[in-house]
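Visitor: Take these sequences, add in the hints, and give me the full structure.
Taken in sequence, the protein lines are chains R and U.
By our numbering, the letter at position 231 of the first sequence is numbered 231, and the numbering carries on one by one without gaps.
By our numbering, the letter at position 383 of the second sequence is numbered 383, and the numbering carries on one by one without gaps.
Each hint should be verified, as a subset may be incorrect.
[Claimed, not checked] Restricting the straight-line Cα-Cα distance to at most 20 Å, the calculated cross-link-like pairs of lysine to any residue (SDA-like) are: (1) R:33 x U:192; (2) R:179 x R:55; (3) U:369 x R:110; (4) U:170 x R:177; (5) U:363 x R:172; (6) U:288 x R:172; (7) U:363 x R:332; (8) R:3 x R:139; (9) R:132 x U:10; (10) U:43 x U:90; (11) U:28 x R:110; (12) U:369 x U:346; (13) U:366 x R:177; (14) U:120 x U:28; (15) U:333 x U:279; (16) U:295 x U:337; (17) U:369 x R:241; (18) U:8 x R:124; (19) U:170 x R:3; (20) R:132 x U:11; (21) R:303 x U:333; (22) U:363 x R:174; (23) U:8 x R:306.
[To be verified] Here chain R is said to cover these stretches of chain U; the calculated rule only asks that three of the stretch's residues, wherever they fall, bring their Cβ under 8 Å from a Cβ of chain R: (24) 8-15; (25) 74-85; (26) 133-141.
No lab work stands behind these hints: they were computed from the structure.
Here a beta-carbon is modelled for each residue, glycine too, at the ideal position from N, C-alpha and C.
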Amino acid sequence: MEKAKVTGWQLFVLMFLFELGTAIVVSPGLGAKKDAWLAVLLGLIAGLILYLVYNKLFQLYPDLPLTGYMKKILGKYAGALLGMVYLFYFLYIAARDLRDFGELLTTSTYIYTPMLVINAIMILAVAYVLHKGIEVLARTGEVFFFALLIIGVVGTTMVLVSGMININQLRPVLEHGWKPVLETAPLTYTFPFGEMIVFTLLLPYLDHPRLSLRIGWTSMSISGLLLIWVVGMNIAVLGVHVATRSTFPLLSSIGLINMSGFFQRLDIAVVMTLIIGGFFKIAVFFYGALMCASELFRLPSYKGLIFPFCVVILLSSMFIADSYAHHIKEGLVVATYYVSLPLQMGVPLVLLIIALIRRQS
Amino acid sequence: MIPKMSHKFLLIWVLLGTVLLSGCWDHKETGDLALVMGMGIDKTEDDLYQVSFQIVNPGRVAGGKTGQGQGAAVTTYSETGKTILETIRKVTQKAPRLLTFSHTGVLIIGEDLAAEEGLKKIFDFIERYHDFRSTTLVLIAKGGEAKSILSILSPLERIPAIKIQEIIEKSEQAWGESPERNINDVAQMLSGKSKGLSLGGIELVGDLAKGQSSAVNMQATPDSLVKVNGLALFKDGKLRGWFEGEKARGVAWVQNNVNRAILSANCNPDEGAMAAEILRTHTRWQPKVVKGKPKITLNIRAEGQLADIACAIDLSNPDNMSWLDKRFAAEIKQEVTKAVEAAQEQNNDIFGFGEAINRADPKAWKKMKKNWSESFADMDFQVNVKVFIRGTGLRKEPLILKKK
Numbered sequence: 001m002e003k004a005k006v007t008g009w010q011l012f013v014l015m016f017l018f019e020l021g022t023a024i025v026v027s028p029g030l031g032a033k034k035d036a037w038l039a040v041l042l043g044l045i046a047g048l049i050l051y052l053v054y055n056k057l058f059q060l061y062p063d064l065p066l067t068g069y070m071k072k073i074l075g076k077y078a079g080a081l082l083g084m085v086y087l088f089y090f091l092y093i094a095a096r097d098l099r100d101f102g103e104l105l106t107t108s109t110y111i112y113t114p115m116l117v118i119n120a121i122m123i124l125a126v127a128y129v130l131h132k133g134i135e136v137l138a139r140t141g142e143v144f145f146f147a148l149l150i151i152g153v154v155g156t157t158m159v160l161v162s163g164m165i166n167i168n169q170l171r172p173v174l175e176h177g178w179k180p181v182l183e184t185a186p187l188t189y190t191f192p193f194g195e196m197i198v199f200t201l202l203l204p205y206l207d208h209p210r211l212s213l214r215i216g217w218t219s220m221s222i223s224g225l226l227l228i229w230v231v232g233m234n235i236a237v238l239g240v241h242v243a244t245r246s247t248f249p250l251l252s253s254i255g256l257i258n259m260s261g262f263f264q265r266l267d268i269a270v271v272m273t274l275i276i277g278g279f280f281k282i283a284v285f286f287y288g289a290l291m292c293a294s295e296l297f298r299l300p301s302y303k304g305l306i307f308p309f310c311v312v313i314l315l316s317s318m319f320i321a322d323s324y325a326h327h328i329k330e331g332l333v334v335a336t337y338y339v340s341l342p343l344q345m346g347v348p349l350v351l352l353i354i355a356l357i358r359r360q361s
Numbered sequence: 001m002i003p004k005m006s007h008k009f010l011l012i013w014v015l016l017g018t019v020l021l022s023g024c025w026d027h028k029e030t031g032d033l034a035l036v037m038g039m040g041i042d043k044t045e046d047d048l049y050q051v052s053f054q055i056v057n058p059g060r061v062a063g064g065k066t067g068q069g070q071g072a073a074v075t076t077y078s079e080t081g082k083t084i085l086e087t088i089r090k091v092t093q094k095a096p097r098l099l100t101f102s103h104t105g106v107l108i109i110g111e112d113l114a115a116e117e118g119l120k121k122i123f124d125f126i127e128r129y130h131d132f133r134s135t136t137l138v139l140i141a142k143g144g145e146a147k148s149i150l151s152i153l154s155p156l157e158r159i160p161a162i163k164i165q166e167i168i169e170k171s172e173q174a175w176g177e178s179p180e181r182n183i184n185d186v187a188q189m190l191s192g193k194s195k196g197l198s199l200g201g202i203e204l205v206g207d208l209a210k211g212q213s214s215a216v217n218m219q220a221t222p223d224s225l226v227k228v229n230g231l232a233l234f235k236d237g238k239l240r241g242w243f244e245g246e247k248a249r250g251v252a253w254v255q256n257n258v259n260r261a262i263l264s265a266n267c268n269p270d271e272g273a274m275a276a277e278i279l280r281t282h283t284r285w286q287p288k289v290v291k292g293k294p295k296i297t298l299n300i301r302a303e304g305q306l307a308d309i310a311c312a313i314d315l316s317n318p319d320n321m322s323w324l325d326k327r328f329a330a331e332i333k334q335e336v337t338k339a340v341e342a343a344q345e346q347n348n349d350i351f352g353f354g355e356a357i358n359r360a361d362p363k364a365w366k367k368m369k370k371n372w373s374e375s376f377a378d379m380d381f382q383v384n385v386k387v388f389i390r391g392t393g394l395r396k397e398p399l400i401l402k403k404k
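Guide: Okay, structure coming up:
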């Protein structure tokens, strides 16, 4: 652990940017067709409940990160082993987000640039900030929060004013019943709400630990409502068929903005949103992996690990899938059910139950 | 802590990377780009796509007196190939610049291609390709090839494709017959199963050969020009027929696409005509399912001003004004009824009533979905029109009226 403190506001901003991150551009939940927004809402509710679990664990061990109390609860060896699993998990998700980022840039704006180059520049920027420490990351977040806010407000106003929203495209609600919604909810929970698990490693830095629940819940709710708005807007603007067929629905719907031939071509705002969100998402996961590793191997500082992890994330972002279709399929099926759900939901629940039982006896 | 040296090294690396690599990898100089203003797609007899590109000649468009008036402001290239992308790339054999589509204003599709192959195959590429903007307008070349429409030069606007765009925008606002539909609208309508599609038509009036020379711009009455006309009706992505005049505007009334319009009517069968300018209008649908049968009520409300009257009516009498309201309302009702009935005859739900029924009663819709064309053909509809003529312009009584 570093000797650092993060204010409540900074943590709020980090969580907010992290939650929106790549999710706002790839629009999760479209598996539920017109009811995608409902699926995201269910995911958000599940995420809020699970955050209670993360928070309770933090309250029980306010000075320790996830890997720290894991060792206390499960014992030295089992805890360390599980810590290793989380280390790989965070590295993997960081690589996945880097890939999302590279995919969008190479399909929308940088057609002729190799993805390796784009990803390398991104991960180097992330590495540089992490090298400066968590406080710098948090302060960077404060700056970019306002940048994102401006883009968001301008984009939303334009969409509303150019009258592209056809609310009828969202109706009838529950056209195919609850089944598709419930089937999609695990996906919207694991991405992005369940990913809050990585903040269990950052919570000990909070300067007022008793505010952790309030900060987490507000941040998740606001970003979650924004995601619901974006998913709903994409469908209302593009129609459910085009939206589900789009690789990046937000890019397609924002590209339609045209106010009397004057305000148009705002696609670049979407690319900027992804660059900002992607940066923080990758950075937080990267930082999570660094924390896991330094805690497990009892390193005095994680800084020596930055460069090797950088290479690991960069190369795995290139190797995890042959094509975008592979990448998404892997993310939706394998990663969700076999990796994310157990690690985001199962393990923390088990940890909390054991910890509470131990405390009782 | 990491030693000071590698710290600096990392910083230099990041800075170098950002400066040297970001953005510039994909750079293209403006001088290397050919801006495609209009694109046309036809099908040749041997089943290949014939794609035409109207490209700006920058030197001839630029302001200033030199250069203007000499030569055409655009060049139209065309090329054939199995796929559209193939033709785009083949053009590089003729044109010294790379085709860029970010400023393409209109996409024109040949009538034969639209009728025989339909739009679905070509729209896949158009939606997928990163360089097209989904705000590009789509039109169907009525009774001809897209290529010839794009070959005609035009007075008033130096770039014909921009002219077409302007015509569409102006006539949608002032006349209300041809809809303004872009690539995204078309893609949406093509992908919904129950959605019909209607697109504006554009046709060539006059002689093709004469229109291709820039001499056409020197005539007061051009030998040839392009005209926006008619409404192309699609079913399942294929062109199935045309609506013109009243029927075409009837569709626009139903779809709430009328902004402003001119309504003309006869005062009495044997008396003179009168016209009103409709300034504001709104159409509201009330779909419902009655005993398993779909029904839709169209409530149209229009507000306007009397513009022209050639019969003897005392306009200072409020009762006469209400009579006018009813007279014009009947006119709108007739246009709408004609359009809906004609669409029903063709079993073609171009309005999207199916989607509306789905919203109103999803359960009943599931049963009707399969045979929607038939259910649509004998579905009931009711048109309620309310017109409010608010004013009579700068004069009250008509000139023709003799007051005692």
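Visitor: Holds or violated: are the alpha carbons of residue 132 (chain R) and residue 11 (chain U) at most 20 Å from each other?
Guide: holds, 11 Å
Visitor: Decide if the proposed pair is consistent with the structure: residue 295 (chain U) and residue 337 (chain U), CA atoms, cutoff 20 Å inclusive.
Guide: The hint holds at about 14 Å.
Visitor: Does the structure keep residue 366 (chain U) and residue 177 (chain R) at a Cα separation of 20 Å or less?
Guide: holds, 12 Å
Visitor: So if I understand the rule, the pair passes when the alpha-carbon distance is 20 Å or less; does residue 369 (chain U) with residue 241 (chain R) pass?
Guide: holds, 17 Å
Visitor: Are 3 or more residues of the region 8-15 of chain U near chain R, judged by a Cβ distance of less than 8 Å?
Guide: holds (count 4)
Visitor: Test coverage of the region 74-85 of chain U by chain R using CB-CB distances below 8 Å; three residues minimum.
Guide: violated (count 0)
Visitor: Mind checking the alpha carbons of residue 170 (chain U) and residue 3 (chain R) for me, to see if they're no more than 20 Å apart?
Guide: Violated, because 66 Å separates the two Cα atoms, which is more than 20 Å.
Visitor: Has the given pair, residue 8 (chain U) with residue 124 (chain R), been kept, meaning a C-alpha gap of at most 20 Å?
Guide: holds, 13 Å
Visitor: Mind checking the alpha carbons of residue 120 (chain U) and residue 28 (chain U) for me, to see if they're no more than 20 Å apart?
Guide: Given pair residue 120 (chain U), residue 28 (chain U) is violated - Cα atoms ~32 Å apart, limit 20 Å.
Visitor: Given the hinted pair residue 363 (chain U) and residue 174 (chain R), is their alpha-carbon gap at most 20 Å?
Guide: Holds - the C-alpha atoms of residue 174 (chain R) and residue 363 (chain U) are around 11 Å apart, at most 20 Å.
Visitor: Can the restraint linking residue 369 (chain U) and residue 110 (chain R) be considered satisfied, given a maximum Cα separation of 20 Å?
Guide: Given that 20 Å is the threshold and the Cα spacing comes to 43 Å, the pair is violated.
Visitor: For the pair supplied as a hint, residue 170 (chain U) and residue 177 (chain R), confirm whether the alpha-carbon distance does not exceed 20 Å.
Guide: violated, 44 Å
The structure fails hints 2, 3, 4, 7, 14, 19, 21, 25 (numbered hints given earlier, in ascending order).
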